[in-house]
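Produce the entire structure from the sequences given, and follow the hints as far as they go.
Just so you know, the sequences run in chain order C and V. In our numbering, each residue carries its 1-based index in the first sequence increased by 1007. In our numbering, each residue carries its 1-based index in the second sequence increased by 1007.
Careful: at least some of the hints might be erroneous.
Chain copies aren't distinguished; within one or between two, either way the pair holds.
To be verified - Simulated pairs of lysine to any residue, SDA-like, Cα-Cα distance not exceeding 25 Å:
1. K1053 <-> R1067
2. K1053 <-> M1025
3. K1053 <-> R1136
4. K1095 <-> T1073
Quick caveat, the hints were computed from the structure, so don't treat them as lab data.
2 protein chains.
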Amino acid sequence: METREALLLGAARVLARMSYDKARLRDIAAESGISEGALYFHFGNKDQVASAILAARQERMTVVLTDTMAGDGPAMEKLFRVMRGLGKLIASDEVVQAGIMLANGTSTEAAEAHEPFFEWIRIARTLIRLGIDDGSITDTTDPETAAEFVNYTFVGAQVVSGLADSWASLPRRLVAVEGALRVLLASGQSS
Amino acid sequence: METREALLLGAARVLARMSYDKARLRDIAAESGISEGALYFHFGNKDQVASAILAARQERMTVVLTDTMAGDGPAMEKLFRVMRGLGKLIASDEVVQAGIMLANGTSTEAAEAHEPFFEWIRIARTLIRLGIDDGSITDTTDPETAAEFVNYTFVGAQVVSGLADSWASLPRRLVAVEGALRVLLASGQSS
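Have a look at this one:
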């Protein structure tokens, strides 16, 4: 593993067991198995560690979004593929998990922390519009309202799985809601 | 306002602008307009302030839940009344808001922080069972799965409104999802 990735993972593990305010650069160095000198070389201070974790979360979520958008099939199926892909990423990637925890502890103003979230809403809205065009989603659906509903479901499942089992159950929970979302998007009653 | 309530509100306002780890008892005393001596009399240390905020959140949510459960009407309507009641409480009560922020910054193990959340799921499940009995909810609905879906929607709307405008839009967002939830509970497709 390259040094930067080892440091990100070490920081993620430290932030999983203590708050950002309590975590120290030396804890991260120890957890990473990397010298404090190397840590200072890659990240000059704790805020830069936090920024790097938030940036890694955004990059990794964007990879899932981009890969899924590029695939074939009706837009409604892409929407569910995006949800499943994000669910698997969140359930399995400790750096992404640390990014979520950092964003939760951050105020409304920190645009950097909440950008992946708003990106996901934009993509849900786009896929719902495309689904109306390709006929996979009923044309009585208001894309804005339907995207908000889909988003609440995703965010709610993420938060509940985070509390229940550190996101391990998120993929299963997202599969469980697909049937209900299909009914809503097909009937246009999410508006 | 009695001293204890003034201290809770002062603590809530301090926690709205800084993290729990950074907040100091003297900040809370200053914000409350109460002497540090009185603060120490009511709350010996910062952890006791946090516990008092979490307890106040639980009490106030329980009042909404109890009042709504006691009313008349089909169980499905009670379910929506509970959601609307909790939405208004969260949108308007700074102590409840501080409790939500404290719970967000707390690990999975802190049962005290997450109890209101699990109480709400239990009540949603009970109301869905009662709704199946009184005919307001279709009997093809699995109460457990439907309660999880309703809960994801509520939690998602809470989190999104918290980010967007410190919960001011939560009541409007919850009203907006009622139509979709009615379709799901009536069709039994939430399972």
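Hint-by-hint comparison with the structure:
| no. | hint | in the structure |
| --- | --- | --- |
| 1 | K1053 <-> R1067 | within (21 Å within a copy, 38 Å between copies) |
| 2 | K1053 <-> M1025 | both (14 Å within a copy, 17 Å between copies) |
| 3 | K1053 <-> R1136 | neither (41 Å within a copy, 50 Å between copies) |
| 4 | K1095 <-> T1073 | within (15 Å within a copy, 38 Å between copies) |
The structure shown violates just one earlier hint, number 3.
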